[in-house]
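**Student:** One-letter residues, chain by chain:
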Amino acid sequence: MVMSLSSRTAELIGRDVPPSAAAGAHRMVQAAIDAVNDALDRGETHYTDRPGILPLRQKVSALLNERFRLASRPSDLTITCGLTEARFVCLQQLVEPGGTVHALAHPEAVAGAATIRGAVLSQAAAEADLVFVPASAGEEAIRACLSLIKPQCMVVYEVDSEQETFHPAALPGLAEQVVTIGDLGLDKGLATARLGYLAAPHQSAPGLRDFKQALTICSTNLSQWAALNAVEAL
Amino acid sequence: MTFADIKKLDGAKLRYALMDLAKEIPDAIALGRGDPDLPTPEFIVEAARSAAREPMTVAPVAGMGELREAIARNAVRDHGVEVTADNVLVTTGGQEGLFLVMSALLNPGDEILVPDPRYSSYDQAIAHTGASFISVPTYAEDGFDVRPEEIEKRITPRTKALLLVTPSNPTGGIVRPETGEKIAALARKHNFVVVSDEIYGKFVWEPYSHFSMASLPGMAERVITLSGFSKAYAMTGWRVGYVIAPEHAIRAMAAIKSHTTGPVATLSQVAALAAARSDDSCVREFRATYDERRRILGDGLKAMGLEFGEPRGGFFFWADASSTGMRALELSYLLLKEAHVLIFPGTAFGETWSNHLRITTLQPTEVLVEAAARMTSAIATLRRSGAA
Ligand SMILES: Cc1ncc(COP(=O)(O)O)c(C=O)c1O
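Chains A and B are the protein sequences, given in the same order. No gaps in the numbering here: position 89 of the first sequence is 80 in the numbering used here, and each next residue is one more. No gaps in the numbering here: position 144 of the second sequence is 840 in the numbering used here, and each next residue is one more.
Treat the hints loosely; a few may be bogus.
From chain A, some residues computed to sit far from chain B (all C-beta separations above 12 Å) [as the list claims (entries may be wrong)]: (1) Arg6; (2) Glu57; (3) Arg60; (4) Gln114.
Which chain A residues face chain B? A few, computed with CB under 10 Å, are given here [to be verified]: (5) Pro46; (6) Lys50; (7) Cys209.
Negatives, chain A to chain B, calculated, CB over 12 Å [unchecked claim]: (8) Ala14; (9) Thr36; (10) Asn56; (11) Arg64; (12) Ala104; (13) Ser113; (14) Ala117; (15) Ala126; (16) Arg134; (17) Leu137; (18) Ala166; (19) Glu167; (20) Trp216; (21) Glu223.
Simulated from the structure, these hints should not be mistaken for lab results. Cβ atoms here follow ideal geometry from the backbone N, Cα and C, with glycine treated the same way.
This is chain A alone, in the form it adopts within the complex (with noise of 0.2 Å):
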């Protein structure tokens, strides 16, 4: 072959991650295509902002904060291309490369972008710089796996449809270190739309919306209507 890649690229073939919640056909719920529509009529076909558009971002916010008595800002979180970016751009942006992953389940969620990132998977958590935990795990596993961290270990936390109520922010000492990560409207028909967000503590922010823009510019701007008026339509 004259084009030689990557020797990372030759670790990842093979290992590709089926975007969640794919199979099948969805239908956009009655609120998301109006939104489409209205957004059209508007001429919404430019770049957003690039975190993404603010009405989403508080709206995202404020039920994150309602569900889980947080105090996100939406000026501190990031809507992004699918759950699948926002799981990248936490792995690439919170870990550095020789750096150490564990993930408490579900480790092909990360391992790739681990790989990527030129960072390591353990299973030890202990020894981890960035701890990946799935709202599935369940409190229990995750409030054992946490208590294992080190003190500066960022944790992704990554919340999923069923309608959980604990977060880790909220154990003591990690509000600062606890990232929020999440698809949005798969339950509104809206998978193929391709939208998820990443809320980040305040400090961290900055350097994963900056990563975000890097990778994506912005996020598909009439999904993000769609996904406003769906989650409005709650």
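Starting from the known structure of chain A, fit chain B with the ligand onto it as the hints suggest.
**Tutor:** Chain B with the ligand only, in chain A's frame:
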């Protein structure tokens, strides 16, 4: 943000800081960002509206099959590049494409040659791989085409790739076919890859015309072409770009893409498909519009005493503002604050370009006239006040 804060910035951060400042000025005229002001053509919008009413499926990570096919067909039709859908990867804008290309190609310690000035958004994608970029100077007297001898001088055993942006953001220069041929010979001799960002390729001004690096004999296996729908069809917000490359590279980039963002939004791909299947008459209309604007804004800039070569392609003027006696960064700030016109200083595109300004043509003609009038009067005041 104060001027003291702005002064500390360069590259993409500088651009975003100025855009944030402009947001606070209600009547600011934006000649900064490369975001076409024109609406997405109606037939594309209509395709999205009807798709939105129906159930949709999440696309494969590499892109919808029909879209990959249509992009491949257009590459054959427009550039004579022999490719199929397997050579195409649909990306979240050209921007994600450039990240995927850099990740797939570069190892830590590798070098990539980048003509200066540059589209600085590539910096992070390159830095993230642990590779470094080596600047290759370009010159106003060449219309900012690249000099093959300047490339050759900088080739080392670590040179993995050359990055071309043609037409160029920010200079409006193009790589002419005769330059392209010499570069191709160098690439074969020294075994490097040419990454060719041709996202502004539909807008090249007479007497020049766009040609694709991959169309040169034997180059399809050495060239990765990056492009997208954002600029060509006024579709920036839809976030659809693409990469054309040898099949094994596409497979690799698709594998990486499954970790970066997964598939592109289906509605956006449906809209892009409508664009890709069209006869491009909308692009011809856009071209006429941008061409007219280019003349109008060019006249305005001349009247201000700025020096520049006529852009050969794209949406940008790259003008030397030395005659104002002010550094471009100060001047941009002043023009934003006093004249309410947003333009970008050269240091957003390369550390040494402190006398240059990048100015876009992406406003209706009457707005461009107004912007030029405001700038002229601000610069005249400046000259009178003795700064110039
Ligand atoms: C040279 C160049 N390449 C790529 C891009 C990325 O554009 P998009 O991601 O909207 O396709 C831009 C946008 O400004 C650009 O100027």
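**Student:** Take a quick look at Asn56/A and tell me if its Cβ sits farther than 12 Å from every Cβ on chain B, holds or violated.
**Tutor:** holds, 25 Å
**Student:** Decide, holds or violated, for the assertion that all CB atoms of chain B are farther than 12 Å from the CB of Arg6/A.
**Tutor:** violated, 7 Å
**Student:** Beyond 12 Å on every Cβ pair: is that true for Ser113/A relative to chain B?
**Tutor:** Since the minimum Cβ distance to chain B is about 19 Å, Ser113/A lies beyond 12 Å and the statement holds.
**Student:** With a cut-off of 10 Å on the beta carbons, see whether Pro46/A makes it to chain B.
**Tutor:** violated, 16 Å
**Student:** Just checking, Arg60/A versus chain B, shortest CB gap more than 12 Å?
**Tutor:** holds, 31 Å
**Student:** Does Ala117/A really sit off the interface, with its C-beta more than 12 Å from all C-beta atoms of chain B?
**Tutor:** Ala117/A is indeed farther than 12 Å from all Cβ atoms of chain B, at 26 Å.
**Student:** The output says Arg134/A does not contact chain B. Does that hold with a beta carbon cutoff of 12 Å?
**Tutor:** The claim holds: Arg134/A sits with its nearest Cβ about 29 Å from chain B, beyond 12 Å.
**Student:** At 12 Å, judged by beta carbons, does Ala166/A keep clear of chain B as stated?
**Tutor:** holds, 27 Å
**Student:** Would you check whether the claim that Glu223/A is not at the interface survives, using Cβ distances to chain B and the 12 Å cut-off?
**Tutor:** holds, 17 Å
**Student:** Against chain B, does Gln114/A hold up as non-interface, every C-beta pair farther apart than 12 Å?
**Tutor:** Gln114/A clear of chain B: closest Cβ-Cβ about 21 Å, beyond 12 Å.
**Student:** Is Glu57/A truly not at the interface, in the sense that its beta carbon sits beyond 12 Å from all beta carbons of chain B?
**Tutor:** holds, 27 Å
**Student:** Could you check that no beta carbon of chain B comes within 12 Å of the beta carbon of Ala14/A?
**Tutor:** violated, 8 Å
In summary, the structure is inconsistent with hints 1, 5, 6, 8, 9, 12, 20 from the numbered list given earlier, while agreeing with the others.
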